[in-house]
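Asker: Next come the chains, spelled out residue by residue.
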Amino acid sequence: MNVLLIFSVLVLIAIALWQITKIFELSQEKKVSTQVANDKDNDLNGKLMFAFLIFIYVLTLYSFWAYSDVLLPEAASEHGGDYDQLMWISFALIFFVQTVTQALLHYFSYKYRGEKGKKALFYADNDKLEMIWTIIPVITLAGLILYGLYTWTDIMTVEENDEALVVELYAQQFNWKARYAGNDGVLGDANVRFLQDFDGKNLVGIDATDPNGFDDVVVQELHLPVGREVIFKMRSQDVLHSAYMPHFRAQMNCVPGMITEFAFTPKTTTEEMRLNPEMIAKVKKINKIRSEKSKELVASGDTALDPYEFDYLLLCNKICGASHYNMQMKIIVESEKEYEKWIAEQQTFAEVIQ
Amino acid sequence: MSTEAAQVHEEDHGHHHKETFVTKYIFSQDHKMISKQYLITGLFMGIIGIAMSLLFRLQLAWPEQPFGIFEVLLGKWAPDGVMDPNVYLALVTIHGTIMVFFVLTAGLSGTFSNLLIPLQIGARDMASGLLNMISYWMFFVSSVVMVISLFVEAGPAAAGWTIYPPLSALPQAQPGSGTGMTLWLVSMAIFIASSLLGSLNYIVTVINLRTKGMSMTRLPLTIWAFFVTAIIGVVSFPVLLSAALLLIMDRSFGTSFFLSDIFIQGEVLHYQGGSPVLYEHLFWFLGHPEVYIVLLPALGITSEIIATNARKPIFGYRAMVASILAIAFLSTIVWGHHMFISGMNPFLGSVFTFTTLLIAIPSAVKAFNYITTLWKGNLQLNPAMLFSIGLVSTFITGGLTGIILGDSTLDINVHDTYFVVAHFHLVMGISALYGLFAGVYHWFPKMFGRMMNKNLGYLHFWVTAVCAYGVFFPMHFIGMAGLPRRYYTNTAFPYFDDLADINVLITVFALVAGAAQLVFLYNFIHSMFYGKEAEMNPWKSNTLEWTAPVEHMHGNWPGEIPHVHRWAYDYSKPGFEEDFIPQHIPLKEGEEELQH
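Same order as they appear, the protein sequences are chains A and B. When we follow the numbering used here, the leftmost residue of the first sequence carries the number 132, and every step to the right adds one. When we follow the numbering used here, the leftmost residue of the second sequence carries the number 31, and every step to the right adds one.
So here's chain A without its partners, still in its complex pose (with noise of 0.2 Å):
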């Protein structure tokens, strides 16, 4: 009924439409519309266009004032600090760029709209201009290039070592599994063809025949120690997932046949981005949408929901099938010792298979 009304409205807005087209036209003196542009059309339209140039700057500065809220805060890793200033100058320098260009844009087709009897000026081409203007953006480019490298590879250049804690993140169709090293920093070998084992209690695939698994712990929370190195090796059980960590501004693919691997290091725990600033007054206004949201549940019958406590994000981030939007677990970034003691009470997985 509803689809009836909406396409009847429209369908009247188009008979209008044509009719008010035609009774204008009648209306207008003996000169019929040529349909090309007049001095009134440029006038106009150039006016339109020096207004839509504010139009864009009060666009860009309203965004900023209303939604930089929504912006990830300071970055929870150490990498994550190098990121964002890379980011801060990319962006100061492309916005320079838009302000002046746009503006250049908009101004010139308001400046120049068109008049019965003017002349435009023959002005065909100018080398040295246009060597200016293709220097300027090469060097800016390359110094952007080469502190993005720079950066780039300090960041992917994963070295082995005895200090970090190695741990695989095992993605699936809809859900997350973690697996950690255990005493000896080494993951056993595995593969999906070992899912079969043991009952279905071999979550990830290990190979028994691999001593180096038994002191494995599997578990579907990640929980991390601030301050040391976390190496993850990626895998995936069916199809592409990604391992996206946005606070840590971590990211990597989860290829099944593949094992891909990203690092880094948390500088900031969970408790401690609790009490961020800009994390509080997040919060306080996720929680104000959802005490909203509870009082309509409530009043049709519904349970509330609970009031959210920041957690760091663990997201999927390669299309993966109906449920890529709710693929979930936790991350705990906490001091070595609540580490320590929480790794202690998981199970290994010689203890699993028993």
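Because the hints were derived from the structure by calculation, they are not lab data. There may be inaccurate statements among the hints.
[Unchecked claim] A partial selection of chain B residues facing chain A, derived with a Cβ cut-off under 8 Å: (1) Phe-74; (2) Gly-407; (3) Gly-512; (4) Thr-519.
[Claimed, not checked] Listed below are the simulated DSS-like cross-link pairs for lysine-lysine, each with C-alpha atoms no more than 25 Å apart in a straight line: (5) A/Lys-171 - B/Lys-570; (6) B/Lys-562 - A/Lys-153; (7) B/Lys-603 - A/Lys-247; (8) A/Lys-424 - A/Lys-398; (9) A/Lys-461 - A/Lys-332; (10) B/Lys-562 - A/Lys-242; (11) B/Lys-48 - A/Lys-247; (12) A/Lys-419 - B/Lys-603; (13) B/Lys-603 - A/Lys-259.
Owing to the predicted nature of the structure, the values given are computational and were not obtained by experimental measurement. Glycine included, each C-beta is placed from N, C-alpha and C at the ideal position.
Let chain A serve as the given structure and place chain B on it in line with the hints.
Answerer: Structure of chain B alone, referenced to chain A:
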């Protein structure tokens, strides 16, 4: 280059001959009719593509609300009016596929290359009318197959327009990866063949059939753009075809090109040794040039329309040609920037960052040249001109965020988020689409012998322009906040609850933008039959298509094809009363041709 030997037609003049309805309107070999066929089919597919986007935008803005329209249009895929998550993914997949290939490649290149190449270079028709007709009909068939795929029981392809395996290879991974995916692959294989046939025709025609005096350096920039685009197409589309064929083999013949070590739906699959990353390389080897196949024709059209309407030469013709060539070459060596975090060796990431930031330079040069063309012009702000100026604006905004995404480091945290979605929509979905609109408004008199209504054109432009920025500017913030794309809803993570308002704003702008396109459609259809009859050269343009009679004839010109004596941009040349000198007008006594 002499064109005498290359004349293939028996009669060296245009003619009318006895045609049936079928040979004139359906199986036509005339490039002008074929261009209209491409346009109509492209617009029809565009309506479907936009409708799909409005459906999934409704879902994103109001995630748990039932909608009557879902029940009506999606039937079993929206039980009780709530959209099913699988069909959400199908909608974004088919939306992307239709818009990139069917609207912005075939609809843009197919329409304007066909219309303008013979007319602007001074040829009777394309080198092969038969191949041209076949290429259109293959495009039509591929469109039909794609639409049919929407109606299969398990749903159409739903692995994203990029259809990465294993998701796209395994029906067990997702319902759309069954018959829907098969039909998608069939449709695309036919589409690619159509595109290759068209491209070969364009290349051969431009090289061989230019009229006397039409040297390469006198070619309008539209022709340079279409010519180079066709070359890129010929180089890159076959690689997508190979990826599609290998995927078909993995799906149906048990091979392991892209698959290895998979456990799904309770069983270990037999595949060994393949890699999804191989698919990504093959896909993006086309995928990146593809976006330039989409963009370059729009840029060529913009050059033409801005020069004509500014009554000034396009600034820096040589630089414009050089930048088209540079963009084309560089576009083939940047594909890895779609794969920075694919698991490929990070060293490759460094290489691709370098080449990607290089491609920003010719793009910047083009933008500066457009702006300089406006300076001290006498701007005729026709709707086509507004869309061309709008294209430059959104090309700059979207292109600049490409600098962020092209930097491998920065890509780490924005890859596959709404930041990427905002970027590519601004450069493709808006910029290139504006090129399509500009082209339609400008060449409508040539295609249909009538003028479109300019006031409706103004209304269409201004509403679209405001909504375009309204939809995609705020979207950057959602991406920077960490929200991934292709998420059916954001409500699974309370962390994203504060993005709900922005999503609603985006959807509202999108709905208004969708409505504004109805104004265009109405104007297009109404003007086709009732538009003011056009004169031969309503925009007072220099290029050869405006010397052909308004009523179409095979062979384009009734007598001899005009000979060309100058480049296409003698607008407001000093020493002449008129502010334009068409290309076929001989140099007057003492006049020098501009050396460029």
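Asker: Against this structure, judge whether each hint is valid.
Answerer: Hints versus structure:
1. The interface hint given for B/Phe-74 is violated, since its Cβ lies 18 Å from the closest Cβ of chain A, which is over the 8 Å cut-off.
2. At about 5 Å, the closest approach between the beta carbon of B/Gly-407 and any beta carbon in chain A falls short of 8 Å, and the interface hint on this residue holds.
3. With a cut of 8 Å, the hint placing B/Gly-512 at the interface with chain A holds, because the nearest CB-to-CB distance is about 3 Å.
4. Residue-level restraint check for B/Thr-519 holds (minimum Cβ-Cβ distance to chain A is 6 Å; threshold 8 Å).
5. Taking the CA atoms of A/Lys-171 and B/Lys-570, the gap is near 19 Å; set against the 25 Å cutoff, the hint holds.
6. Between B/Lys-562 and A/Lys-153, the direct Cα distance comes to roughly 12 Å. Compliance with the 25 Å bound is thereby established for this hinted pair.
7. Note on B/Lys-603 and A/Lys-247: the hinted pairing holds, with a Cα-Cα distance of about 17 Å set against a maximum of 25 Å.
8. Between A/Lys-424 and A/Lys-398, the direct Cα distance comes to roughly 34 Å. Violation of the 25 Å bound is thereby established for this hinted pair.
9. The suggested pairing of A/Lys-461 with A/Lys-332 holds, with an alpha-carbon distance near 21 Å, which does not exceed 25 Å.
10. Between B/Lys-562 and A/Lys-242, the direct Cα distance comes to roughly 30 Å. Violation of the 25 Å bound is thereby established for this hinted pair.
11. Between B/Lys-48 and A/Lys-247 the CA atoms are separated by roughly 45 Å; this puts the pair beyond 25 Å, and the hint is violated.
12. Among the hinted pairs, A/Lys-419 with B/Lys-603 is inconsistent with the structure: their alpha-carbon atoms are about 66 Å apart, more than 25 Å.
13. The hinted pair formed by B/Lys-603 and A/Lys-259 meets the criterion: a straight-line CA distance of about 22 Å does not exceed 25 Å.
Comparing the model with each earlier hint shows violations of hints 1, 8, 10, 11, 12; every other hint is respected.
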